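Which chain is which? The protein sequence lines are U and L, in order. Whatever position you read off the first sequence (first residue = 1), add 44 for the working numbering. Whatever position you read off the second sequence (first residue = 1), add 1 for the working numbering.
Fair warning: there could be bad hints in the mix.
Said to hold, decoys possible - Rough simulated footprint, nothing fancy, chain L against chain U, three-plus residues with beta-carbon under 8 Å:
1. 309-321
2. 450-461
What the hints assert, rightly or not - Capping the alpha-carbon separation at 27 Å, the derived lysine-lysine pairs in BS3-like fashion look like this:
3. L:Lys366 / U:Lys290
4. L:Lys396 / U:Lys463
5. U:Lys290 / L:Lys396
6. U:Lys227 / U:Lys290
7. U:Lys304 / L:Lys366
8. U:Lys283 / U:Lys452
9. L:Lys366 / U:Lys231
10. U:Lys173 / U:Lys190
Because the hints were derived from the structure by calculation, they are not lab data. Here the structure is a predicted model, which means the values were calculated and not measured. Even for Gly, the Cβ is constructed at its ideal location relative to N, Cα and C.
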Amino acid sequence: MRRSIPVVAAALGLALTMTACSSGGSSTGDQTSAPPSEAPTSAAPTLSGTLTMWVDETRIDVMKPIVQEFTAQTGVKVDLVQKVSGDIRTDFVKQVPTGQGPDVIIGAHDWTGEFVNNGVVAPIELGDKADGFATSAIQAFTYDGKLYGAPYAIENIALVRNNKLQPETTAKTFDDLVTEGKKAGKKYSVLIQQGDQGDAYHLYPLQTSFDAPIFKQSGDGSYTNELGLGGANGDKFAKYIAKLGKEKVLSASIGGDQAKAAFEKGDSPYIVTGPWYTTEFTQKGMDISVLPVPSAGGSEAKPFVGVQGAFISSKSKNPLLAQAFVTSFLTTEKVQTELYKAGGRLPALKASAEQVDDPVLKGFNEAGATGAPMPSIPEMGAMWAFWGTTQVQIISGQAKDPAAAWTKMVKNMQDAIDKAGK
Amino acid sequence: MSHQQTITPEDEGTPPRPPGERPRNGTGGVSHARDFGRGFWVKLVLVALIDAGAVYGILSAVSVSQWAIAGFLVLALVLVNWAYFSKRALPAKYLLPGLVFLFVYVIFSACYTAFIAFTNYGDGHNSTKSDAVQAILIQNEQRVEGSAAYPLTIVSQGGTLGFAVVQDGTVEVGTQDDPLAPVTGATADGDKAATVPGWDVLGFAQIAQEQDAVVNLRVPVSDDAADGSLRTSDGLTAYVYQSTMTYDPATDTMTDSATGTVYTADDHGNFRSADGTALTPGWRVTVGFENFTRAFTDSRISGPFLQILVWTFAFAFLSVLTTFALGLFLAVVFNDPRIRGRKVYRALLILPYAFPGFLAALVWKGMLNVDFGFVNQTLLHGASIPWLTDPWLAKLSVLMVNLWLGFPYMFLVCTGALQSIPGDVLESAKMDGASPVRVQRSIVFPLLMVSVAPLLVSSFAFNFNNFSLIYMLTGGGPDFQGTPIIVGHTDILISMVYSVAFESGVKQYGFASALSILIFVIVGVISWWGFRRTRRLEEL
Numbered sequence: 045m046r047r048s049i050p051v052v053a054a055a056l057g058l059a060l061t062m063t064a065c066s067s068g069g070s071s072t073g074d075q076t077s078a079p080p081s082e083a084p085t086s087a088a089p090t091l092s093g094t095l096t097m098w099v100d101e102t103r104i105d106v107m108k109p110i111v112q113e114f115t116a117q118t119g120v121k122v123d124l125v126q127k128v129s130g131d132i133r134t135d136f137v138k139q140v141p142t143g144q145g146p147d148v149i150i151g152a153h154d155w156t157g158e159f160v161n162n163g164v165v166a167p168i169e170l171g172d173k174a175d176g177f178a179t180s181a182i183q184a185f186t187y188d189g190k191l192y193g194a195p196y197a198i199e200n201i202a203l204v205r206n207n208k209l210q211p212e213t214t215a216k217t218f219d220d221l222v223t224e225g226k227k228a229g230k231k232y233s234v235l236i237q238q239g240d241q242g243d244a245y246h247l248y249p250l251q252t253s254f255d256a257p258i259f260k261q262s263g264d265g266s267y268t269n270e271l272g273l274g275g276a277n278g279d280k281f282a283k284y285i286a287k288l289g290k291e292k293v294l295s296a297s298i299g300g301d302q303a304k305a306a307f308e309k310g311d312s313p314y315i316v317t318g319p320w321y322t323t324e325f326t327q328k329g330m331d332i333s334v335l336p337v338p339s340a341g342g343s344e345a346k347p348f349v350g351v352q353g354a355f356i357s358s359k360s361k362n363p364l365l366a367q368a369f370v371t372s373f374l375t376t377e378k379v380q381t382e383l384y385k386a387g388g389r390l391p392a393l394k395a396s397a398e399q400v401d402d403p404v405l406k407g408f409n410e411a412g413a414t415g416a417p418m419p420s421i422p423e424m425g426a427m428w429a430f431w432g433t434t435q436v437q438i439i440s441g442q443a444k445d446p447a448a449a450w451t452k453m454v455k456n457m458q459d460a461i462d463k464a465g466k
Numbered sequence: 002m003s004h005q006q007t008i009t010p011e012d013e014g015t016p017p018r019p020p021g022e023r024p025r026n027g028t029g030g031v032s033h034a035r036d037f038g039r040g041f042w043v044k045l046v047l048v049a050l051i052d053a054g055a056v057y058g059i060l061s062a063v064s065v066s067q068w069a070i071a072g073f074l075v076l077a078l079v080l081v082n083w084a085y086f087s088k089r090a091l092p093a094k095y096l097l098p099g100l101v102f103l104f105v106y107v108i109f110s111a112c113y114t115a116f117i118a119f120t121n122y123g124d125g126h127n128s129t130k131s132d133a134v135q136a137i138l139i140q141n142e143q144r145v146e147g148s149a150a151y152p153l154t155i156v157s158q159g160g161t162l163g164f165a166v167v168q169d170g171t172v173e174v175g176t177q178d179d180p181l182a183p184v185t186g187a188t189a190d191g192d193k194a195a196t197v198p199g200w201d202v203l204g205f206a207q208i209a210q211e212q213d214a215v216v217n218l219r220v221p222v223s224d225d226a227a228d229g230s231l232r233t234s235d236g237l238t239a240y241v242y243q244s245t246m247t248y249d250p251a252t253d254t255m256t257d258s259a260t261g262t263v264y265t266a267d268d269h270g271n272f273r274s275a276d277g278t279a280l281t282p283g284w285r286v287t288v289g290f291e292n293f294t295r296a297f298t299d300s301r302i303s304g305p306f307l308q309i310l311v312w313t314f315a316f317a318f319l320s321v322l323t324t325f326a327l328g329l330f331l332a333v334v335f336n337d338p339r340i341r342g343r344k345v346y347r348a349l350l351i352l353p354y355a356f357p358g359f360l361a362a363l364v365w366k367g368m369l370n371v372d373f374g375f376v377n378q379t380l381l382h383g384a385s386i387p388w389l390t391d392p393w394l395a396k397l398s399v400l401m402v403n404l405w406l407g408f409p410y411m412f413l414v415c416t417g418a419l420q421s422i423p424g425d426v427l428e429s430a431k432m433d434g435a436s437p438v439r440v441q442r443s444i445v446f447p448l449l450m451v452s453v454a455p456l457l458v459s460s461f462a463f464n465f466n467n468f469s470l471i472y473m474l475t476g477g478g479p480d481f482q483g484t485p486i487i488v489g490h491t492d493i494l495i496s497m498v499y500s501v502a503f504e505s506g507v508k509q510y511g512f513a514s515a516l517s518i519l520i521f522v523i524v525g526v527i528s529w530w531g532f533r534r535t536r537r538l539e540e541l
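Here chain U stands alone, though its shape is the one from the complex (with noise of 0.2 Å):
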């Protein structure tokens, strides 16, 4: 409750001087669009009230069509806030327990640990509509056995190829694609982006293909509390990264932006890439194909899955509502059905994706179709730095000793979680 004093006391200091308020006391965005007047159809109850939602730049415009139709429908208007995607996940925890939180956010499914952990998102039930979406997709949202979040789209990273380059793909292991894309005589043979922090997410693929998962996975696919990452297996894929890095497929320099300015330049025929970057290229002209990653340990390549979804605020004042729009109408296949020809994701629902024609699309569903979600428990966000770091000093060099570096890796990321259930 406390966290609202010093913006509120700032605004009323500044009106003093200023001699006039124009605070309106909700320190949210920037951005808000109502939908247009109410339209009940016949058949659905007029109802009153206003959701707030709070959506980051790049969903906006995804949105708004979609909350126009709830309106419609409803009668129920939905504010729309735009935030940038970090804020929303830090605002959403300090703000709830004020009281002045949103009703609905749309997020990301590996926030869930985090909110469930500080009590500011309420469980949903999907009840038998659950058996309709990805199975990747309910689990994502799962936490603890309780579902916490309505799933709208899948992400996930794959192999791009510029077919203008490299016309055919016959590699059956990461070697083999590495020798190939060398081959064609560019820069660069694959471009993985790492940067200065390193990129574990990118690398992923490539770890589990030496059946080194971050967290061991029980029978059903969830992830146990037990680090899945150490042991002959991590070693053997600590040693391989050094060996890339020796060889300059992967370096520290090459982050996000530069491996796609490298890629579209034409100087790399394969990027290990996701959608995001993948409608850019399209929208520039570029001829590519997804692809599954090739395996470089034995194992197959499994990317990590990430899923967007809608969180309802615990304390919202609307709960009905706010379900109503979450479990009742997003879930629906139209709406999904809508947020992918607008988005460009791949939808939850299995109904919806059946109906996606895009190869690209097509081809980043297959290559994740076996992955596993992002582990979403709050100590992630050590995990991802222990391990990017450890990732970019073994393939610069600076950790002579990869096995020894890795192990002393895991044994710090076993210590942040025990730390931490403290």
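Starting from the structure of chain U, add chain L where the hints point.
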């Protein structure tokens, strides 16, 4: 400006005035309060606007039960009106705006930080206890496995809400207190109850009016509580839930009905069982000096701490030294009247100062990239010098970028100080036959230091906490290898605090506040000592 003076202005020695004529500028002797000229009306309007804003603020604060803010605003309102309408409060008229800002922006935030430092506020302890209890109860309500979904009709009888569902073809109604029971004469429409004698069937619009009551309603399925209860989250369908946790306010305990484990509220804002397992979420409590002692006892922090402390001092000291040396040198050079177009040079030199620091740091980060950066690619013709990834080069890069960012400030300050040195002092030195070097060393520099030295101390304090430069340029990297927290060779204390308290994934506001207070103490002591030293310079 006393009461008496306004009555007998003659006492002040001002010439006597015919009665009725008011002083021209209001400072003569008649208080503003008695002066109904144009100035008074302007003041009246301004104060009225402030009052309107304050009253609006008070009303909004009261409406959301923020009593502290409301109290502060009432106080401020009274003070403002007293200060600007009283005839005794002339100093207050000038001081009040400053005091209000001081309170809001400095004292309040400092006290608030101090307060947070004594709490466990952070992830997992985000809100009040009642919120935590409610969240635990909701999170531990499980849908009974394999149970059916009931299309729901919500009914009401004299203000009591009830659920009507169809079970095996018969309509059953239940409320909070009465378990589901068949109602005779009720009709069903498919699998949904249509009419229930004695009860009003609510439409969705009516349901939405009573959202909270509907969502919180639990209707027992049978007399046996173990069978679970019906609840709805969307008002359309009900499911059978079983609550595995029950809260007993009398003993302040949570009991897991499935395992029988009792979780007792502890003094750290958690329900904890006998074997130490805690339920999440917890709530915010004060934890005394625990955050402070943790800074010294947590082995994960104390490991790299010394290295970072040494670098923080080195960074702050070298930053001040290099920027001051370059700034002073340029100031002396461009202070020489023989240089043509000095104004142009000076303007150009101040340019880096005009860039926002964090933006410049980001630009430099790009320019220093090993393979793509402008420095390696263009200036050094394709060299691959790891400016930001080698521990020592990264430290050098940080200092160089900070030099680029910081020297214009020193240049400005020194130029100003040089120009304020009286010309006759320099002239008499020349007359006495002092060489130019000697003049600089014995006259100019000591006089310069009198006015510049305090600024060097504050520049040291600023660089000691120069978070944005480190965070934007290197992010603290290159990281130490294998340390239990992610910190690096260029991390300074404040960026280490950020890394430990926020980037570890679990945000710990309490701990971060405690650490920042510790840093404040370090900086405060150094500054105090530095300012004492500079005072000695004035005695020269």
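Results of checking the hints against the structure:
no., hint, verdict
1, 309-321, "violated (count 0)"
2, 450-461, "holds (count 5)"
3, L:Lys366 / U:Lys290, "holds (24 Å)"
4, L:Lys396 / U:Lys463, "violated (31 Å)"
5, U:Lys290 / L:Lys396, "holds (25 Å)"
6, U:Lys227 / U:Lys290, "holds (18 Å)"
7, U:Lys304 / L:Lys366, "holds (18 Å)"
8, U:Lys283 / U:Lys452, "holds (14 Å)"
9, L:Lys366 / U:Lys231, "holds (23 Å)"
10, U:Lys173 / U:Lys190, "holds (15 Å)"
Taken one by one, the earlier hints fail for this structure at numbers 1, 4, listed in ascending order.
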